[in-house]
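K.L.:
From just these sequences and the hints, can you work out the full model?
There are 2 protein chains.
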Amino acid sequence: MRTEARLELGPSSLTDALYESIRKRIVNGEIPQGEKLTEVRLATEYNVARPTAKAALERLTALGLLRRTAHKTAVVPVLDEAEIRDLFFSRITIEKAAVSTLAATGQVPAEAARAQVAIEYAARDRLFENQVEADIAFHTALVAAVGSRRLTRMHELIIGEVQLTMGQYQAHRKAAPTTVAEEHAAILTSIEEGAPDAAAEHLAYHLEQAQGRLLSTLSGD
Amino acid sequence: MRTEARLELGPSSLTDALYESIRKRIVNGEIPQGEKLTEVRLATEYNVARPTAKAALERLTALGLLRRTAHKTAVVPVLDEAEIRDLFFSRITIEKAAVSTLAATGQVPAEAARAQVAIEYAARDRLFENQVEADIAFHTALVAAVGSRRLTRMHELIIGEVQLTMGQYQAHRKAAPTTVAEEHAAILTSIEEGAPDAAAEHLAYHLEQAQGRLLSTLSGD
DNA sequence: CGTGCATTCTTGTCTAACAATTTGAGGATC
DNA sequence: GATCCTCAAATTGTTAGACAAGAATGCACG
Chain A
143 MRTEARLELG PSSLTDALYE SIRKRIVNGE IPQGEKLTEV RLATEYNVAR
193 PTAKAALERL TALGLLRRTA HKTAVVPVLD EAEIRDLFFS RITIEKAAVS
243 TLAATGQVPA EAARAQVAIE YAARDRLFEN QVEADIAFHT ALVAAVGSRR
293 LTRMHELIIG EVQLTMGQYQ AHRKAAPTTV AEEHAAILTS IEEGAPDAAA
343 EHLAYHLEQA QGRLLSTLSG D
Chain B
143 MRTEARLELG PSSLTDALYE SIRKRIVNGE IPQGEKLTEV RLATEYNVAR
193 PTAKAALERL TALGLLRRTA HKTAVVPVLD EAEIRDLFFS RITIEKAAVS
243 TLAATGQVPA EAARAQVAIE YAARDRLFEN QVEADIAFHT ALVAAVGSRR
293 LTRMHELIIG EVQLTMGQYQ AHRKAAPTTV AEEHAAILTS IEEGAPDAAA
343 EHLAYHLEQA QGRLLSTLSG D
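Residue numbers (our numbering), protein chains in the order written: chain A, 143 to 363; chain B, 143 to 363.
Hints are computed from structural coordinates only; laboratory data are not their basis. Since the structure is predicted, the reported quantities are computational estimates derived from the model, not experimental observations. Heads up, a few of these hints could be off.
Note: identical chains are not told apart, hence a pair may lie in one copy or across any two.
Here are the computed lysine to aspartate or glutamate pairs in the EDC-like style, where the Cα-Cα straight-line distance is at most 20 angstroms [as the list claims (entries may be wrong)]: (1) Lys196 - Asp158; (2) Lys196 - Glu181; (3) Lys196 - Glu350; (4) Lys214 - Asp158; (5) Lys214 - Glu181; (6) Lys196 - Glu335; (7) Lys214 - Glu335; (8) Lys166 - Glu275; (9) Lys166 - Glu298; (10) Lys214 - Glu275.
P.N.:
Have a look at this one:
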């Protein structure tokens, strides 16, 4: 691992920048499952003080991207089947509420529509990385469009782990390229038609499919 | 405010103890809405180092019990009507999922039943404080009984703010003493009968009532 | 080969200090 | 007298170094 990693100076806080950098490296799979992250190693690597590294680790732990208990080293978690099921159960709970609410107004969020287009392009060109990214953007946009700060925060608590598993298992490669796009389209259509129950069902189906792909990657490969 | 507050030595970590102590003082209303909490003041008051106080404040901020932005002092938030609606929308989302899941198994969680008994006693004896406490315990027990780590964590993210508003508006005093207990009983009955939709409806009704009491306290008083 | 102890690593907490930012008060100006 | 500006004070962000306490590891010994 290269010493002296660089930090983008975008965020105002140094802790923010460090947090973002590590977060990306984890969800990209650059830091693999089971990897241990000590405070001093990160501090020296990024050339920051240990308390700063500590703060970043604590925030990642709060989002489920790291596990750690008192006096023990933080580690990138390995999600087993039970935990992936739990993750998707929770995710479905949040996103169902989101699409139902959106359907009640009949307004298709513009941001989600944009992400949907990006997914279609990525699927056509077989750009898996982009497809994963746009997929996350799509679901995040749906939740954000509800305009509920707390629903959004709960979703953030979930979506990090989703990215983690996606990046590490690369389950999207198992999906027929256009399947995801079609399932998304069904959700958007139901929202546009003002059908909350249908939207919720399409969403649940879509996420159950995604969960199935992840689990089959996990066991059979 | 008294200097040199005492910390219970139960939790292993000093930060944990500090966090718990401040958290209780906030949800009890001992630290009122709008109160500013500076790092140095807490540090001197509790006789700990500033970084320790900082860590506790950050954890409280993550749970919504404090608001703060970069370089500004933390403040106990004042929830307006829109935010209370958002809070209950999010809360209903989580707890509906919880009771539906429990009803699917037909198992009434023992812990919730215990809390229900405690509420009935408190209502009979008009012990409002105990009633609030037992009410929170009841709802927390329902969610915990699902056994989903992530659902529980999302609920924790919500329930702190619920306690905050309950403690500060004391809305429970508006409820006829036995109303809450009856509404809870309806939820438990539906769970026992294995009726997910009915359980969800009873829960939504119950929480909408609670929200209504809070909002009327907020405007009319 | 297994167990127990000591070393070492890592985290928890503190003290002290400086930098960067926000806040508030006072003064100058209109 | 009101408003804006400037500057000082207060507060947070970050660093460095240090020590204590708990966890992990390896080695010696039975």
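K.L.:
Does each hint hold? Answer for all of them.
P.N.:
Do the hints match the structure? See the list:
Proximity of Lys196 to Asp158 under the C-alpha cut-off of 20 angstroms is found in both arrangements, the shortest distances being 12 angstroms within a copy and 16 angstroms between copies. In the homo-oligomer, the alpha carbons of Lys196 and Glu181 lie at most 20 angstroms apart both inside one protomer (6 angstroms) and across protomers (18 angstroms), since each shortest distance falls under that limit. For a Cα distance limit of 20 angstroms, the shortest separation of Lys196 from Glu350 qualifies neither inside one copy, at 36 angstroms, nor across copies, at 41 angstroms. Only between protomers do Lys214 and Asp158 lie at most 20 angstroms apart by alpha-carbon distance; the minimum there is 16 angstroms, versus 23 angstroms within a single protomer.
In this assembly of identical chains, Lys214 and Glu181 lie within 20 angstroms of each other by CA distance solely inside one copy; the values are 11 angstroms within and 27 angstroms between copies. Proximity of Lys196 to Glu335 under the C-alpha cut-off of 20 angstroms is found in neither arrangement, the shortest distances being 48 angstroms within a copy and 49 angstroms between copies. For a Cα distance limit of 20 angstroms, the shortest separation of Lys214 from Glu335 qualifies neither inside one copy, at 52 angstroms, nor across copies, at 45 angstroms. Proximity of Lys166 to Glu275 under the C-alpha cut-off of 20 angstroms is restricted to the intra-copy arrangement: shortest distance 12 angstroms within a copy versus 41 angstroms between copies.
Only within a single protomer do Lys166 and Glu298 lie at most 20 angstroms apart by alpha-carbon distance; the minimum there is 14 angstroms, versus 26 angstroms between protomers. Proximity of Lys214 to Glu275 under the C-alpha cut-off of 20 angstroms is found in neither arrangement, the shortest distances being 32 angstroms within a copy and 34 angstroms between copies.
In terms of the numbered hints stated before, the structure departs from hints 3, 6, 7, 10, listed from lowest to highest.
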